[in-house]
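The listed protein sequences correspond, in order, to chains B and Y. So the first sequence is numbered by the working numbering: it starts at 1 and just counts up by one. So the second sequence is numbered by the working numbering: it starts at 1 and just counts up by one.
Among the clues, some could well be false.
With a cut-off of at most 30 angstroms between alpha-carbon atoms, the simulated DSBU-like pairs for lysine-lysine come out as follows [said to hold, decoys possible]:
# : chain 1 : residue 1 : chain 2 : residue 2
1 : Y       : K207      : B       : K76
2 : B       : K36       : B       : K146
3 : B       : K190      : B       : K70
4 : B       : K3        : Y       : K207
Only some residues are given here: those of chain B computed to face chain Y with a beta carbon under 7 angstroms [what the hints assert, rightly or not]:
#  : residue
5  : I5
6  : Q8
7  : E145
8  : G153
9  : T194
10 : L204
11 : V206
12 : M304
13 : G308
14 : H311
Derived contacts from chain B toward chain Y, CB cut-off under 8 angstroms, selection only [stated by the list, open to error]:
#  : residue
15 : E53
16 : M62
17 : N65
18 : S69
19 : L90
20 : V107
21 : A130
22 : G199
23 : M210
24 : P324
Simulated from the structure, these hints should not be mistaken for laboratory data. Note that CB positions come from ideal geometry on N, CA and C, so glycine has one too.
What follows is each chain in one-letter form.
Protein chains: 2
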Amino acid sequence: MEKQIGKQSVRFENPPYIVSSAAIVGQKEGEGPYAKFFDEILGDDKAGCESWEEAEGKIQEMAANKALSKAGMENKDIRYIIAGDLLGQLMASSFGLIKLEIPMFGVYGACSTMGESISIASMLVDGGFADNILAITSSHFASAEKQFRFPLGYGNQRKRAATWTVTGSGAVVIASKKMAEKVNMSDKNKVHITGITTGKIVDLGVKDSMNMGACMAPAAGNVIIRNLIDNGRKPEWYDKIITGDLGLVGKDILLDIMRSKGYDIADRYMDCGIEIYSREQNIQAGGSGCGCSATMLAGYILKMLESGKWHRVLFVPTGALLSPVSFNEGDSVPGIAHAVVLECGETEV
Amino acid sequence: MEKQIGKQSVRFENPPYIVSSAAIVGQKEGEGPYAKFFDEILGDDKAGCESWEEAEGKIQEMAANKALSKAGMENKDIRYIIAGDLLGQLMASSFGLIKLEIPMFGVYGACSTMGESISIASMLVDGGFADNILAITSSHFASAEKQFRFPLGYGNQRKRAATWTVTGSGAVVIASKKMAEKVNMSDKNKVHITGITTGKIVDLGVKDSMNMGACMAPAAGNVIIRNLIDNGRKPEWYDKIITGDLGLVGKDILLDIMRSKGYDIADRYMDCGIEIYSREQNIQAGGSGCGCSATMLAGYILKMLESGKWHRVLFVPTGALLSPVSFNEGDSVPGIAHAVVLECGETEV
């Protein structure tokens with residue numbers, strides 16, 4: 001069987017399984033509509049640490065350990081960690097995961113990082129290079145604001161198109177079929193990754209870093225359409241098409257882009273950023289950050305698949321490629337998105 | 001054949017080939033002892049751009065295009081780019097490679113990033129997920145000083161253990177056997193990647209960011225020893241064991257660590273950072289940066305293998321995991337290193 005499908009997609013010969021997952025979130029996320037789906041809600045967003053950066057690392061460590069214990073695994077069972085976050089030089093991943101002592105690949109795709117991490121992990125497992133891989137990302141509202149925007153003490157006003165960086169970390173253990181059988185997963189609740197579509201950087205010249213939804217929507221549209229074309233599918237093949245953090249503004253743009261190309265996905269579309277908070281929480285256009293799609297995947301999306309409510313999901317974390325230096329230098333904010341095909345309970349048609 | 005060897009290594013079933021490479025360097029590197037090996041030496045370290053960050057992106061673009069043209073390939077022949085740099089949020093890779101319009105995975109392992117990029121690329125090619133992948137990294141003296149250290153205008157004094165960030169980008173096209181045959185490589189000059197050993201983060205508590213050699217040497221020792229044990233090899237199996245940028249201080253520490261564990265590698269050891277500049281260039285302990293090992297690989301190491309001077313090389317880019325925030329917060333500087341086994345002209349014994 002050919003693994004390379006079309007221009008940008010892969011279909012797996014031996015689809016890897018997601019054998020366990022964990023989502024650790026902060027206080028605000030714990031007050032939102034999905035609170036009951038998360039494994040742990042922090043009582044203190046500093047997680048007992050001295051700095052926000054250290055706290056973000058700590059949350060990654062908690063999510064990693066929780067995912068391992070839920071899989072009944074120890075550190076030594078994991079061949080690679082593929083991890084990333086939004087901080088310069090991946091500081092949360094680098095410091096948070098030291099104690100695990102597992103060979104590590106750091107990855108960065110802004111808020112699309114969970115899509116990148118799962119994509120690479122799935123190829124390495126399908127290719128026989130690892131039996132178990134931990135894919136993990138995080139973000140933290142306060143460490144992100146400090147790095148990308150203004151000191152919190154300024155109390156600056158937020159634009160209506162702005163998004164709120166999710167404090168949280170989501171982790172999944174991706175395993176070969178052999179390993180999935182070992183952890184006693186029944187056929188019914190096995191979420192497996194049957195394919196991926198890897199995004200290109202898309203830059204339409206949007207420069208407003210307070211409107212990341214607009215920056216990312218074209219990249220999301222691009223990779224979703226590529227996934228459909230490469231696989232010869234219609235949107236209806238998926239029960240849900242779920243982006244990472246386009247927010248209210250990006251959602252409208254994406255749906256418009258899709259319609260202009262002849263695809264109507266409105267009836268099966270969902271955005272993790274719009275979902276994770278309620279409109280009453282005063283978070284403007286929605287949640288964002290690597291932790292947004294990662295915690296919604298680990299906490300909610302996988303449970304919907306495992307319970308049989310959904311059978312096929314196109315999970316599309318979305319990233320806005322900016323740095324504190326790039327926007328100060330007046331650069332545009334290019335977008336990137338990576339799509340992952342999740343299936344459960346039904347086989348490929 | 002089992003691909004997973006020992007605790008941290010992989011041996012490839014269908015070793016991928018390096019079908020072309022390109023190294024673009026700055027002025028100082030062009031005045032060093034390896035000048036004649038590089039594809040292009042910039043007349044202006046800003047490469048005609050308005051900022052150093054933009055220049056670093058431009059250098060990546062130049063290296064990518066050069067590697068493609070040397071392979072006789074176009075953008076559409078490359079399935080993935082795996083790219084990284086030292087700047088926050090991988091700004092040089094994100095902006096420099098937009099025009100290529102190739103699906104992209106951003107990676108970060110500090111100055112070990114070329115090792116990580118090649119490792120992932122090799123697994124994806126061996127696994128059949130891609131026929132051609134571009135692995136590329138860069139660094140730039142001025143953008144790195146601006147980000148990690150002091151404004152150049154300060155004219156601050158440099159510690160003797162400090163290293164000088166290389167301005168340059170190295171790129172390699174990693175291809176399947178089928179593709180290597182297409183580009184008419186003869187058996188004699190085919191450098192292939194027969195294995196990798198992936199490093200863990202190693203933190204012995206060194207906090208001196210002006211002595212990165214000391215921070216990275218334990219990680220380098222760790223991954224070299226792991227490579228030898230996993231593969232059941234002695235150091236003599238390799239013609240050269242080459243680290244990325246340990247510099248003069250890190251070199252001594254590494255050789256001591258190796259001796260203390262019963263391995264003497266001094267007679268076949270080389271460090272890209274020590275080599276790339278001459279001692280007269282006033283660069284303290286040596287060169288560093290993702291561009292250091294990448295340009296020395298693309299410019300020099302591959303040529304030594306292709307010409308038959310060396311047959312087997314263990315290439316070990318080394319990284320110091322620090323960020324401007326982490327050292328201001330008083331954190332230690334953990335190290336990581338990733339090893340790649342390069343062979344040419346001889347088959348596995």
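Hint check:
| no. | hint | verdict |
| --- | --- | --- |
| 1 | Y:K207 - B:K76 | 28 angstroms, holds |
| 2 | B:K36 - B:K146 | 29 angstroms, holds |
| 3 | B:K190 - B:K70 | 15 angstroms, holds |
| 4 | B:K3 - Y:K207 | 46 angstroms, violated |
| 5 | I5 | 11 angstroms, violated |
| 6 | Q8 | 5 angstroms, holds |
| 7 | E145 | 13 angstroms, violated |
| 8 | G153 | 17 angstroms, violated |
| 9 | T194 | 14 angstroms, violated |
| 10 | L204 | 11 angstroms, violated |
| 11 | V206 | 13 angstroms, violated |
| 12 | M304 | 28 angstroms, violated |
| 13 | G308 | 30 angstroms, violated |
| 14 | H311 | 25 angstroms, violated |
| 15 | E53 | 6 angstroms, holds |
| 16 | M62 | 18 angstroms, violated |
| 17 | N65 | 16 angstroms, violated |
| 18 | S69 | 20 angstroms, violated |
| 19 | L90 | 5 angstroms, holds |
| 20 | V107 | 6 angstroms, holds |
| 21 | A130 | 7 angstroms, holds |
| 22 | G199 | 6 angstroms, holds |
| 23 | M210 | 17 angstroms, violated |
| 24 | P324 | 7 angstroms, holds |
Hint check: violations occur at hints 4, 5, 7, 8, 9, 10, 11, 12, 13, 14, 16, 17, 18, 23; the rest are consistent with the structure.
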